[in-house]
Amino acid sequence: MTPPAGDATMRPGRVLIVDDTQFNRQLLGRLLQGIGHEPVEASDGRQALDRLRDPEQPPIDVILLDIVMPEMDGYDVLAALRDDAALRHLPVIVISGVDELDSVVRCLEMGAADYLPRTVDPAILEARIASSLARKRLHDAEREAVDRQAATNEVLAIMSRSAFDLQVVLDASVRAAVRLCRADYGVAYVLEGDAYRVAASAGGTDELDRWERELTIKPGRDSVVGRVALLGEAIQIEDVQDDREYVASGQQVGGYRTIFGVPIEQDGTISGVLALTRSEVRAFADAEKALAIGFAEQAAIGVANARLLETIDRQRGQLARFLSPQVAQLVSSPEGEALLAGHRREITAMFCDLRNFTTFSETAEPEEVLGFLRRYHAMVGALVVEHEGTLEHFAGDGIMVFFNDPAPQEDHAGRAVRMAVAIRERFAEVSDEWRRRGHILQVGIGIATGYATMGRIGFEGRYDYGGVGNAIILASRLSGEAEPNEILISQRTFAALDGDQASAEPAGERALKGFSRPLLVYSVGSMARAAEAS
Amino acid sequence: MGSPIDAATMANLLDITGGDQGFVDELVDTYVAEGERIVGELVTAAEAGAVADMVRPAHSLKSSSLNVGALALGELCRRLEQDALDGAVDAPVARATEVNHAFDAARAALLDERASR
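Those sequence lines, one after another, are chains A and B. Take 1 as the starting number for the first sequence in our numbering and just add one per residue. Take 535 as the starting number for the second sequence in our numbering and just add one per residue.
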């Protein structure tokens, strides 16, 4: 008799027998089993296509097709396969009698790979199936390579687009790893403090996912994640039921048997673990392990980037307590160095100081003076933030704020004026309170617009962000010139006040120290008055 | 005329299925049950004068008959299938009856062979 196992080097395939006679299906099925393949039966073309398109069923490798059948015959099946991109590559061996060579030719023209005589010889069957299987597997390998490349490219593209969005990078890495390594479930654990928690997952049931997301895992031998974290190397457990040290109960929820875990690490520091599971006992092959390691490396870059970003954010947050938010942002931005080195820009500068402050500080208790200054600075500080001004300095009762630098702002003159009006209004509340204690305190504000050179001013060890230019000097002079509670603005600021001009009126020409000729200035009324006027 | 079943073909069938007589017996049972149904279809089509409907039953019975060694029946079916395809069946009922008788003979021989073991 014929040896039942067939060629030992050939891997078994799943063969779909499409034949309307049970006799033929039974006989072919037996012969296929005899040479080590798995037969699957369909009694007509319609049933065959349904089986081939059923995603729940394991894929077919080769089709043995009868031509004369009810419902859909062999030609219809060949035509349907040719029109279906997912099935087009499947090799079809047509079964025919010696008297049916015309139909065989027609079938070969329609895409059939081969044909078999009706009175079957097992040796011929074996040879034909082997050749079709080899063809199918070559095709599968090519498609898999293309698929892997595409998925790798996709993850790389996501990485380059969202390198600093850890969640996006982890999601993409886990998703690709599950798909390409043929896992049922994949999960990325990331170290938080001294334990690992789920940061991304793919595949798996909702129940399993919920269960995993509740977990915190510490390095240890009782789970794959813990073991990878403990040993710092990739680990495969082929069957968790045979691993005596494995006690993690996720297996009961997820029903998984084989697990592969890879460290997510950079420069020898483990920041997470990528774990892939299968619900059946089937070890991850070397190629699949290599892929998983690749995706864990992508995840590691994502984690490192995210940590870097956190550090920068934290430093920026700390800087912002000492510098204005705009300057803190500038210091940690890529263009920061160039801007700090000095640049010329049109700005609007606002200078604000207090009338009678010297008298007040001489007559009041020092604690009172400091308390007042804290309150005044907090009030002005909040308004500067609200109007997105750049605070240059607080110097006792004097405050200098810029607009349109370092971040460009349209309507910088308008912003400065609106902020000045707001300061005056709020200050009225504060000054009422102090008046009741016997101190008269009033504010004077000057605003000017013009070009200034902005950048780092000072010396190594003590730098300020500031500017040099006529607009800055003019704002300071106008502040000194202003009557109590008056806001004086330069002609250029007035000209730049689109739509807000109604709130300002000419306040004559003033001769100012350092300016060779008198300058026309404007006084800003309340915004409410401006609204009435317009 | 000898047995309607070719002994060499049967021996080959047993050989290629791994010498498993139990399986071959099952296969013969399938052949008989399915053959009765197919012959029934053939006769019905013939009586209705539907020659085109005789193609498929003739085709089905042909292939299984040749595999169990019913060579004469297989040949009858082959000619009938061909003629039906060409639309050249002058006496459909007579042709179906001829097939029916040959099938009966093959079935009897197969069952006798089993009983004689």
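There may be inaccurate statements among the hints.
Using C-beta positions, here's what the derived DEER-type ranges look like [what the hints assert, rightly or not]:
hint : chain 1 : residue 1 : chain 2 : residue 2 : range
1    : B       : 563       : A       : 14        : 35 to 41 Å
2    : A       : 50        : B       : 563       : 50 to 56 Å
3    : A       : 14        : B       : 582       : 37 to 43 Å
4    : B       : 635       : A       : 137       : 48 to 54 Å
5    : A       : 109       : B       : 567       : 35 to 41 Å
6    : B       : 645       : A       : 14        : 31 to 37 Å
7    : A       : 145       : B       : 582       : 37 to 43 Å
A few chain B positions that, by computed beta-carbon distances, are all more than 10 Å from chain A [as the list claims (entries may be wrong)]:
hint : residue
8    : 601
9    : 621
10   : 641
Chain A is nowhere near these chain B residues, computed Cβ spacing over 12 Å in every case [unchecked claim]:
hint : residue
11   : 538
12   : 549
13   : 554
14   : 568
15   : 578
16   : 592
17   : 599
18   : 631
19   : 643
Read the hints as simulated data drawn from the structure, not as lab findings. All values derive from a computational prediction rather than experimental measurement. Where is the CB? At the ideal position from N, CA and C, for every residue including glycine.
To see whether the hints hold, each was checked on the structure:
Taking 35 to 41 Å as the suggested C-beta distance range, the pair residue 563/B and residue 14/A does not conform, at roughly 27 Å. Distance hint check: the CB atoms of residue 50/A and residue 563/B are about 28 Å apart, inconsistent with the given range 50 to 56 Å. Under the hint 37 to 43 Å, the C-beta atoms of residue 14/A and residue 582/B, about 41 Å apart, fit the expected range. For the pair residue 635/B and residue 137/A, the beta carbons lie near 50 Å from each other, so the given range of 48 to 54 Å is met.
About 36 Å separates the C-beta atoms of residue 109/A and residue 567/B, a value consistent with the hinted range of 35 to 41 Å. Range check, residue 645/B to residue 14/A: Cβ separation about 36 Å, and the 31 to 37 Å hint holds. A hinted range of 37 to 43 Å is violated for the C-beta pair residue 145/A and residue 582/B, which are about 57 Å apart. For residue 601/B, the non-interface assignment is contradicted: its Cβ lies about 6 Å from the closest Cβ of chain A, within the 10 Å cut-off.
With 10 Å as the threshold on Cβ separation, the claim that residue 621/B sits away from chain A holds: the shortest Cβ distance comes to roughly 16 Å. For residue 641/B, the requirement that its beta carbon stay farther than 10 Å from each beta carbon of chain A is met, with the minimum near 13 Å. At roughly 17 Å from the closest C-beta of chain A, the C-beta of residue 538/B stays outside 12 Å, upholding its exclusion from the interface. Distance to chain A contradicts residue 549/B as a non-interface residue, since its nearest Cβ pair spans about 5 Å, not more than 12 Å.
Non-interface status of residue 554/B relative to chain A is broken: a Cβ of that chain comes within 12 Å, the nearest being about 8 Å off. Chain A draws residue 568/B into its interface by the beta-carbon criterion, the shortest separation being 5 Å against a cut-off of 12 Å. The claim that residue 578/B is not at the interface with chain A holds, since no C-beta of that chain comes within 12 Å of its own (minimum 14 Å). For residue 592/B, the condition that its CB be more than 12 Å from all CB atoms of chain A is violated, with the nearest at approximately 9 Å.
Separation of residue 599/B from chain A is inadequate, the least Cβ-Cβ distance of about 9 Å not exceeding the 12 Å criterion. Consistency note on residue 631/B: stated as away from chain A, and its beta-carbon is indeed over 12 Å from all of that chain's, at 22 Å minimum. Interface exclusion of residue 643/B from chain A stands, the closest Cβ pair being 17 Å apart, more than 12 Å.
Of the hints listed earlier, those the structure fails to meet are numbers 1, 2, 7, 8, 12, 13, 14, 16, 17, in rising order.
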